[in-house]
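Novice: Sequence:
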Amino acid sequence: MSTPLNGSVLKAFSILGLFSKDRPEITANSVASELGTNVATAHRFLLTLESIGVLVSYRRGYFALGGTIEELGRLAESVNPISTKVQPIINEVAREIRESVMVCRLGRRGPTCIAVAVSDQPISVKTDIGTVLPIDVTAHGRLWLTHMSKADRAHWLKGTSNDLDDELAKIKSQGFAQNQGDNEPDLGAVAVPVFGHDGKLAMTVSVFGMLSRFNDSLVSRSVTSLKQAARAISG
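Letter by letter, the sequence shown follows residues 1 to 235 of UniProt numbering.
Quick caveat, the hints were computed from the structure, so don't treat them as lab data. A couple of the hints might just be wrong.
Keeping only pairs whose Cα atoms sit at most 27 Å apart, straight-line, the calculated DSSO-like set for lysine-lysine is [said to hold, decoys possible]:
no.: 1; residue 1: K170; residue 2: K158
no.: 2; residue 1: K150; residue 2: K200
no.: 3; residue 1: K170; residue 2: K200
no.: 4; residue 1: K21; residue 2: K11
no.: 5; residue 1: K172; residue 2: K200
no.: 6; residue 1: K150; residue 2: K227
no.: 7; residue 1: K150; residue 2: K126
no.: 8; residue 1: K170; residue 2: K150
no.: 9; residue 1: K158; residue 2: K172
no.: 10; residue 1: K227; residue 2: K158
Could you build the full structure based on these sequences and the hints that come with them?
Specialist: Right under this line is the structure:
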């Protein structure tokens with residue numbers, strides 16, 4: 001039985017997720033409207049977050065991100081291996097291949113994007129950090145399935161109709177996985193595993209973009225570049 005999640009923490013981060021460059025301030029009314037709660041509850045959450053420095057109020061009823069968030073952001077940039085090690089590596093792959101690059105870890109709900117580098121192509125595909133991918137129809141997901149036990153694989157595939165035995169055997173043999181419009185009709189991807197020092201799958205990294213550009217040459221170049229990146233990340 002999985003450990004239940006703390007609803008208050010989830011709600012607090014949902015509130016923080018409402019901030020953007022276009023919306024630097026939020027109110028109890030906007031929180032209540034977008035998160036489906038009542039205004040009193042929303043106001044209580046905002047005041048609590050303000051009390052610990054996560055939010056700050058410069059004018060009555062309006063809340064902005066506070067100093068605690070700024071400090072944590074600076075700390076994350078200086079010590080987070082995603083920022084200091086992984087991001088420069090995938091940025092280089094994106095420059096070389098001219099397609100977007102994504103790194104995923106396996107979360108509670110599926111392969112979850114933890115880092116992304118966006119292509120410089122005029123028409124490119126972008127995804128956000130925190131995006132959860134389907135496990136059965138994406139290159140990332142199929143890599144994770146390939147390296148699972150049969151019991152874990154059956155658990156993750158429960159409720160799906162896909163018979164992936166032949167596909168997963170092929171992935172294991174060739175060392176990479178492809179998505180040829182299986183998840184989104186116009187999107188293609190190729191992904192390789194990133195192993196930890198214990199030999200277990202730690203992350204997956206992919207090149208992804210418009211399916212029309214994913215010919216054999218691009219796939220081959222992507223696999224070569226991604227495998228080099230995977231070794232650099234693991235090292």
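Novice: It remains to establish, for every hint, whether it holds in the given structure.
Specialist: Results for each hint:
| no. | hint | in the structure |
| --- | --- | --- |
| 1 | K170 - K158 | holds (21 Å) |
| 2 | K150 - K200 | holds (16 Å) |
| 3 | K170 - K200 | holds (19 Å) |
| 4 | K21 - K11 | holds (21 Å) |
| 5 | K172 - K200 | holds (14 Å) |
| 6 | K150 - K227 | holds (26 Å) |
| 7 | K150 - K126 | violated (33 Å) |
| 8 | K170 - K150 | holds (16 Å) |
| 9 | K158 - K172 | holds (21 Å) |
| 10 | K227 - K158 | violated (31 Å) |
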